[in-house]
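Undergrad: My request is simple: use the sequences and hints to build the entire structure.
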Amino acid sequence: MLNRLRGWIDERFGWSQLTAPLRKKTVPVHYNSYWYYLGGITLFLFVIQVLTGILLLLYYRPSADGAFESVQYIMTQVQFGWLIRSIHSWSANLMIFTAFAHMFSVLFLKAYRKPRELTWVSGMVLLFLVMGFGFSGYLLPWNTLAFFATKVGTDIVDQVPLVGHPIMIFLRGGPEVTGATLTRFFGFHVAVLPGLVTVLITVHLMLIQWFGISVPPGQEPDWKALPKEQREMPFFPNFFLRELMAWYAALGVLGALAALFPWELGSKADPFGSAPAGIRPEWYFLFMFQTLKLIPAKIWFIPGEVLGILSFSVAGLLWLLLPFFDRDPGGRSRRWITGIGVFALSYIVVMTIYAYVAK
Amino acid sequence: MVNAREEAAVSKEKNNPVEGTPAPGRRRFVEVLLGSGLLATAVSFLYPVLRYLVPPASADLGSNTVVAAKVGDLKPNSGKVFRFGNQPGLLVLDSSGQYHAMSAVCTHLSCTVQYRSDQHVVWCACHNGVYDLNGRNVSGPPPRPLALYEVHVQGDDIVVSRQRSA
Amino acid sequence: MQSLVDKPEHRAQGNSQATVAAWLVLGLLCLAGWSWPARAAAQAKPAPAVNTCLDCHSSLDKPLGIDKDRYASDVHAQHGLTCASCHGGDPAKDDQDAMSKAAGFKGKPDRKQIPELCGSCHANAAYIHQFNPSLRTDQLAQYKTSVHGQRLAQGDTKVAVCTDCHSVHGILPASDSRSSVHPLNVAGTCARCHADAAYMKEYKIPTDQFAGYSASVHHAAMVERGDLSAPTCSTCHGNHGAAPPGVGSVENVCSTCHVFQAQLFDQSPHKAAFAAASLPSCVTCHSNHRIAHPSDAYLGTGPQSICSNCHSPGDAGLAAAVAMQQDLGKLELAIAGSDEVLDRAESSGMEVSQAMMDQAQARDALTKARVTVHTFQPARVQADIQPGLQIAAKDLRAGEQALKERDYRRLGLGVSLLAIVLAMTGLRLYIRQIESGDRSPRS
Numbered sequence: 001m002l003n004r005l006r007g008w009i010d011e012r013f014g015w016s017q018l019t020a021p022l023r024k025k026t027v028p029v030h031y032n033s034y035w036y037y038l039g040g041i042t043l044f045l046f047v048i049q050v051l052t053g054i055l056l057l058l059y060y061r062p063s064a065d066g067a068f069e070s071v072q073y074i075m076t077q078v079q080f081g082w083l084i085r086s087i088h089s090w091s092a093n094l095m096i097f098t099a100f101a102h103m104f105s106v107l108f109l110k111a112y113r114k115p116r117e118l119t120w121v122s123g124m125v126l127l128f129l130v131m132g133f134g135f136s137g138y139l140l141p142w143n144t145l146a147f148f149a150t151k152v153g154t155d156i157v158d159q160v161p162l163v164g165h166p167i168m169i170f171l172r173g174g175p176e177v178t179g180a181t182l183t184r185f186f187g188f189h190v191a192v193l194p195g196l197v198t199v200l201i202t203v204h205l206m207l208i209q210w211f212g213i214s215v216p217p218g219q220e221p222d223w224k225a226l227p228k229e230q231r232e233m234p235f236f237p238n239f240f241l242r243e244l245m246a247w248y249a250a251l252g253v254l255g256a257l258a259a260l261f262p263w264e265l266g267s268k269a270d271p272f273g274s275a276p277a278g279i280r281p282e283w284y285f286l287f288m289f290q291t292l293k294l295i296p297a298k299i300w301f302i303p304g305e306v307l308g309i310l311s312f313s314v315a316g317l318l319w320l321l322l323p324f325f326d327r328d329p330g331g332r333s334r335r336w337i338t339g340i341g342v343f344a345l346s347y348i349v350v351m352t353i354y355a356y357v358a359k
Numbered sequence: 001m002v003n004a005r006e007e008a009a010v011s012k013e014k015n016n017p018v019e020g021t022p023a024p025g026r027r028r029f030v031e032v033l034l035g036s037g038l039l040a041t042a043v044s045f046l047y048p049v050l051r052y053l054v055p056p057a058s059a060d061l062g063s064n065t066v067v068a069a070k071v072g073d074l075k076p077n078s079g080k081v082f083r084f085g086n087q088p089g090l091l092v093l094d095s096s097g098q099y100h101a102m103s104a105v106c107t108h109l110s111c112t113v114q115y116r117s118d119q120h121v122v123w124c125a126c127h128n129g130v131y132d133l134n135g136r137n138v139s140g141p142p143p144r145p146l147a148l149y150e151v152h153v154q155g156d157d158i159v160v161s162r163q164r165s166a
Numbered sequence: 001m002q003s004l005v006d007k008p009e010h011r012a013q014g015n016s017q018a019t020v021a022a023w024l025v026l027g028l029l030c031l032a033g034w035s036w037p038a039r040a041a042a043q044a045k046p047a048p049a050v051n052t053c054l055d056c057h058s059s060l061d062k063p064l065g066i067d068k069d070r071y072a073s074d075v076h077a078q079h080g081l082t083c084a085s086c087h088g089g090d091p092a093k094d095d096q097d098a099m100s101k102a103a104g105f106k107g108k109p110d111r112k113q114i115p116e117l118c119g120s121c122h123a124n125a126a127y128i129h130q131f132n133p134s135l136r137t138d139q140l141a142q143y144k145t146s147v148h149g150q151r152l153a154q155g156d157t158k159v160a161v162c163t164d165c166h167s168v169h170g171i172l173p174a175s176d177s178r179s180s181v182h183p184l185n186v187a188g189t190c191a192r193c194h195a196d197a198a199y200m201k202e203y204k205i206p207t208d209q210f211a212g213y214s215a216s217v218h219h220a221a222m223v224e225r226g227d228l229s230a231p232t233c234s235t236c237h238g239n240h241g242a243a244p245p246g247v248g249s250v251e252n253v254c255s256t257c258h259v260f261q262a263q264l265f266d267q268s269p270h271k272a273a274f275a276a277a278s279l280p281s282c283v284t285c286h287s288n289h290r291i292a293h294p295s296d297a298y299l300g301t302g303p304q305s306i307c308s309n310c311h312s313p314g315d316a317g318l319a320a321a322v323a324m325q326q327d328l329g330k331l332e333l334a335i336a337g338s339d340e341v342l343d344r345a346e347s348s349g350m351e352v353s354q355a356m357m358d359q360a361q362a363r364d365a366l367t368k369a370r371v372t373v374h375t376f377q378p379a380r381v382q383a384d385i386q387p388g389l390q391i392a393a394k395d396l397r398a399g400e401q402a403l404k405e406r407d408y409r410r411l412g413l414g415v416s417l418l419a420i421v422l423a424m425t426g427l428r429l430y431i432r433q434i435e436s437g438d439r440s441p442r443s
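Protein chains in written order, with the working numbering: chain A, 1 to 359; chain B, 1 to 166; chain C, 1 to 443.
You may find that some hints are simply not true.
[What the hints assert, rightly or not] The calculated EDC-like cross-link candidates involving lysine to aspartate or glutamate, where the alpha carbons are at most 20 Å apart (straight line), are:
#: 1; chain 1: A; residue 1: Lys228; chain 2: C; residue 2: Glu435
#: 2; chain 1: A; residue 1: Lys268; chain 2: C; residue 2: Asp343
#: 3; chain 1: A; residue 1: Lys268; chain 2: C; residue 2: Glu351
#: 4; chain 1: A; residue 1: Lys268; chain 2: C; residue 2: Glu346
#: 5; chain 1: A; residue 1: Lys25; chain 2: C; residue 2: Glu435
#: 6; chain 1: A; residue 1: Lys24; chain 2: C; residue 2: Glu435
Keep in mind the hints are simulated off the structure, nothing from the lab.
TA: Below is the structure:
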């Protein structure tokens, strides 16, 4: 029955021709192959976000006097609303985590090398967009924590010289965080960012398909020595079935988190109230936030915060262009990139932990 | 890696005389297992989603509006406490057939007020505070009036909403 | 004959003459018009009173000096009165003649004369009617009935007269928060004498009232909750007719606000008992000035028990006190119990807002029961406790139901996890199966 359907489509659209390259797609097999799952898990979690997000859209109201109540309604009145919402919130955090892990694994396994530079660039832009998803989505329940975290976050944008203030006005929809900010963030979160991310994911996946999956340079000699059947696994069905297992595991984790640690709603935002003590952004921004807090108020004549923000922006830009620095086909330059990668990862981990412990 | 290969070889020998194909019984078992697993997970995901799609009985009207009662719930010259957000509200149908709605939280020490049909006033049993049907505090300890709400009758529903700020 | 204006050259001349005349008339009219508003204003309001006294007295030292700014805000000055209105003399003269006997100068009035001096206007209803028709004019009459007034009549000049409370030369209406007789400031004004132990020595009355009042719930209501209708000294003692309420009338004073408690008390056995023992109602248990927030510990037999002050173990009264305290405690415990369960349910992510709201009604029942205590009849208190207990029990059930629902969710989670494990096992075996043909090293 399935074959007949396939045949019908094939006669009209050349389905088997389209899928032929996919059938031939292989995944290299070596002892670092487990890292290859991370990209797929991130994609899977994104799909979960889209699906749960669409479900939430059926009940959510993006206005200052409706948002909180609508989320409360979803959590308490809608059948399994608590599940959909908690999965959405947990999956968001998990996705950002796996996106970071995927990026670091690509860095350490050096998969960004020629000819895969643009895959890296598109991936980095995706990472920034995903963090934008996190920042914009966090405000949507319009609760006290989200309101003030957004205020603090956009205040930091304001510190950037020259362009900071106009950008902040653009983000906030005005000089202050108001219902206009909420509506704007909602537009970013459900229209602008999904559109951009969908395009970039398509590009990213097409590039991967075009170039195939890379083998880490360290493994390459041994790997090449192996016969083809031993060193490669067909993507369909072997690797894909394994990915499916990983996706099921992720779903199980999500369900458990949603049922055992339901996502809090807190209290409705009061724009005229005072910020709760110890207000801080979500964990994936904490390392930057903590750095800014540690920088002295003034370095030379430049305000410390401005220097911090500029440093992170420059670092982000350089990170984006990383493949273009790794020109030397020999061993030397790659080692310093690994060194920087280790430093960056440790910095992020230490600063995040510090931010939690310091409060 | 080595173990897996050995394992595969052993199971091959055990299950099939012909090299490379598992026994039909075992294959069937695996397929049934996989199929039922996939089906079970699909059901356990679809069931909540389908229930979610059905809108609940009480619509989400927002924090500023609520259906306080149905027409006919109240007899003339009687009152009813209803829930408005997280606070109680008082709905009164007076003898002339007009509805009044106001916050039911006494402005003195937050007891819940009630309608006194004998005196045609809103009364707080805790310390004898008295309000008129416009929420104005007329006697007793309450220092401020009760917040008044707007009442509209929509079909069978008596809809109470917060007053729109001028 | 040709008129003057018919000849061309005369016409031109005539025209310019007419123009000049017209301008002159216009100018005169304008001048008249400009003086109109001034005259109109002068008729509507008396011109600011000429008060030359301040010219010298604003730069003198005490006791003859007057603060010019303070005087400007004085309510009498703002209504057009001058120094001479009270002190006599001629405010228009700017030399020593202003203070001559001929001009009617009275100088500084003797303390004994002050009430009559103020009363010369403030007890004159027709006169005060010109300024504020609803202002009372019985202050002097009331003052004469007060302890202050009676002692002053007997020659004691240490007691308060009008100026001691209202100040002088800078009198502000009581509605002005800077005034010494604004509700927030009244207690401090009375305390100037009544809290001064040295000053009050000869009168042999306590001087701890202000200290007690400052620690009371009434003071807290005014100062912390901003409730200006909360009682201060004058609310219970009167202001102009200030006198302590007699033992028999204290209850009447308290019951002007605490109506229920007084009504219930009147139905209780204590009313007759207190009257027989000449004990003041209300004050005996709650004190008069240092009125603290009452607690259930006032009942029963504990260390803070007030009932034990009169009742001894074994008598019916103490038994009633114990019974009432137990009932109140039971309801309080029930409310706390369901609160705890509801909190647990809420922090597990369950929706229990309706039950939490209903808890307020249980708390209302407790409030009501604490008022009913004043009947000192355990049966009445118990009747008020019952609805509260029922509501608390209902909310407890709601909380437990929510916890059950939470457990049901966890069960559902377990089921779906089982399904996932099943699927994963199936996948694993399937993978092994399809790879058992090829020699893939991946496991």
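Undergrad: May I ask which of the numbered hints given earlier this structure violates, with the numbers listed in increasing order?
TA: none
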